[in-house]
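Number of protein chains: 2
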Amino acid sequence: MTDYAVRIGKMAHAASKLNKLTAGIGASEGMISFGVGSPAKEAYPLEKLQEILQYILQKDTRAYEALQYGSTIGINDLREAVRDQLLAARGLTAKLENIMIIAGGIQAMGLFCQLFINPGDVILVESPTFVHAAMIFKTFEAECIPCKMDDDGLIIGELEEKIKMYKPKMIYTVPTFQNPTGVTLSRERRIQLAELAGKYDVIVLEDDPYREIRYSGEEIEPIKAFDKTGNVVLANSFSKILSPGVRLGYIVATEEIITKLKDIKLAADTCTNTISQVMCAEFFKRGYYPDHLEYLKNLYRSRRDAMLDALGKYFPKGTKYTKPDGGYYVWVELPGGLNATELMDEAVEKLNISWGLGSIFYVEGNGYGDNCMRLNFSGLTEGTIYDGIEKLGNFFNSKLVK
Amino acid sequence: MTDYAVRIGKMAHAASKLNKLTAGIGASEGMISFGVGSPAKEAYPLEKLQEILQYILQKDTRAYEALQYGSTIGINDLREAVRDQLLAARGLTAKLENIMIIAGGIQAMGLFCQLFINPGDVILVESPTFVHAAMIFKTFEAECIPCKMDDDGLIIGELEEKIKMYKPKMIYTVPTFQNPTGVTLSRERRIQLAELAGKYDVIVLEDDPYREIRYSGEEIEPIKAFDKTGNVVLANSFSKILSPGVRLGYIVATEEIITKLKDIKLAADTCTNTISQVMCAEFFKRGYYPDHLEYLKNLYRSRRDAMLDALGKYFPKGTKYTKPDGGYYVWVELPGGLNATELMDEAVEKLNISWGLGSIFYVEGNGYGDNCMRLNFSGLTEGTIYDGIEKLGNFFNSKLVK
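As you go down the protein sequences, you meet chains A and B in turn.
The first sequence begins at 8 in our numbering and counts up by one.
The second sequence begins at 8 in our numbering and counts up by one.
No wet-lab data here; the hints were simulated from the structure.
Fair warning: there could be bad hints in the mix.
Any copy will do: because identical chains look the same in the list, a pair fits if it lies in one copy or spans two.
[To be verified] Dumping the calculated DSSO-like pairs for lysine-lysine here, alpha-carbon to alpha-carbon at most 30 Å:
no., residue 1, residue 2
1, Lys292, Lys48
2, Lys17, Lys174
3, Lys17, Lys269
4, Lys55, Lys398
5, Lys17, Lys357
6, Lys357, Lys398
7, Lys269, Lys48
8, Lys102, Lys27
Because the structure is a prediction, the values reported are computed rather than measured.
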């Protein structure tokens, strides 16, 4: 059989790590999966979407727009909704020409790699980082160098040292309620990061899908809001605030970058699903978003609180875990030499419980993160969270005693 | 500003060619555009889709499936519809494991390039070829080598010579009602091409979006039906038979290839739009497709007939044009040194008529195809076709006299 391209070999390891995580999607009903990062079943505004789709598919020009090819940059109505309700409302001023609609937030990673990354280029990533992004970077034969974080996100001093040392093409960050840790980059560091990007002429890829879903603390502007040189590019998604099934996201960048990205997007898939775009635009146009977002925040806040409470109650003494102000995940570091990577199979078999293996989020390899877990709370009810965490806690405690 | 990747320079010329074509999408109402390749406004089964969407978004598990992440390979219902109604019904037996759903047919080109193409690899393409595919191949820094066609498609003897000479990684073909010429590869040559693929261990990428829409002549099996070695991979689309806005297509290949493609697709966009998938699957499940296809064929057959009749009546003596048995396009070669590339601007300005410039479909460059035009008939009514072709014919005749 014909040889595969070189990149296939390079991405193989990263792909197998990612597949471990997504294997949980669609898992058996009985399993408690803390591993996947999906919205709650209760999170979809079904009736409103049905009402909108009925309206759209009336025999008028709107139906034709929804079923025909769309422009590569995305339909105007949706870009206006992004500009007004998702950017200006969060402290970021942008023009329509700065905004491109894409097929889910993940597509941004590939598009930006196509635009900027040659084989061998260095990308600085957070340690730990979003495993899916790291896999995409490997696909483009980039070298991922990990950078340390603390409770305020990336440590800027160390980051600057690594910029000088590795001359990276790009810095990849999930600054708000980070995936996998839930940590948020402070406002001061956002300003510093935007300055570094300009100073060293490196692209900062700001991946911000969780920012809207804040349960506590004060809102902070995107890094892009502090960008004076055009070096910061922003990627975001509708998956967490409307539905992953619509496969919609957006990019914010300079007009020059957007113009280049249009060619790349055209080559990738011509344009983004227009039915989804028209539906989503109408959802925002009708003013449904603010109430829906409040509903989501209330839904998920209780689940986060349940998770944090249960972890405190049931997990072994000495367990460290983050207390995220938003998003989907809590990051856990187990004490006493507990190896979560090794214990996963037994937990699945005996307890029918799984989680996100901490180790897959580290590009370092070498056993990094073997004592860590990414725990999702958005997709599970409070009862299930308490039940699952209690069982897991007992399980880990039993392993400690030995 | 940061440097772009090397591939951006390589794709720039191809991108500008493609943009000339797609510039016509969404052009002013008054313009008669023979350039774009969109379905007719009358081609969408609006009422049936509305009925289906209402059904799907009832509060049940189906709605949840439609709005949630889906599996990377695509939902089962849609893959079953492909297997039974689009493959088995056309002489190609495949298992579910051989079928992957993608975001429109175009996405297949990028996925296959990621899987097989290293920079510098040779891809044999038809002369002329589908400009969008050629642009994607350039994005992957492949070298496109053109191969001659006649009224039965690719000339196999010449093709084999080029295989020996260039040792290509891939052969790209649109075998049925080719874009841009409307020509169909004969059954005998399909058998030969599948054999060549195995003999020389080269991938044949069969891009077949028009095959369903046949107005005359006998159906021929896909090249993939004659593939004994797994070297033929098939890409197809729902854009021409249902709607481009749903952004759905599919790939048929060996299980080994599909397994690799799942990782690549996961990196590209996680999964294909699930709302579209569920809707499309339901359309096929309810048995709506056969009648809808008949409707499309009748709609477009009249338009093809009008186009061919008008070309015979109004275009300059000595004009050559194809007589396609299906698809969207007629390919025209103007006589007497008429240069369609040069005359386009004047035609747009004076007549408000545009077409697909023949030259952009040739990877040869050097003025190849300057006397050629790709004329779309699917998107225009018969009256508009007669009107536009008469005006264009008069215009070209006036240029000949000089």
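Here is how each hint holds up against the structure:
1. Lys292 to Lys48: For Lys292 and Lys48, both the intra-copy (24 Å) and inter-copy (25 Å) Cα distances are at most 30 Å.
2. Lys17 to Lys174: both (21 Å within a copy, 24 Å between copies)
3. Lys17 to Lys269: both (27 Å within a copy, 15 Å between copies)
4. Lys55 to Lys398: Neither: 38 Å inside a copy, 49 Å across copies.
5. Lys17 to Lys357: neither (35 Å within a copy, 55 Å between copies)
6. Lys357 to Lys398: Answer is within: at 10 Å inside a copy they meet the 30 Å cutoff, but 78 Å across does not.
7. Lys269 to Lys48: between (34 Å within a copy, 25 Å between copies)
8. Lys102 to Lys27: between (40 Å within a copy, 25 Å between copies)
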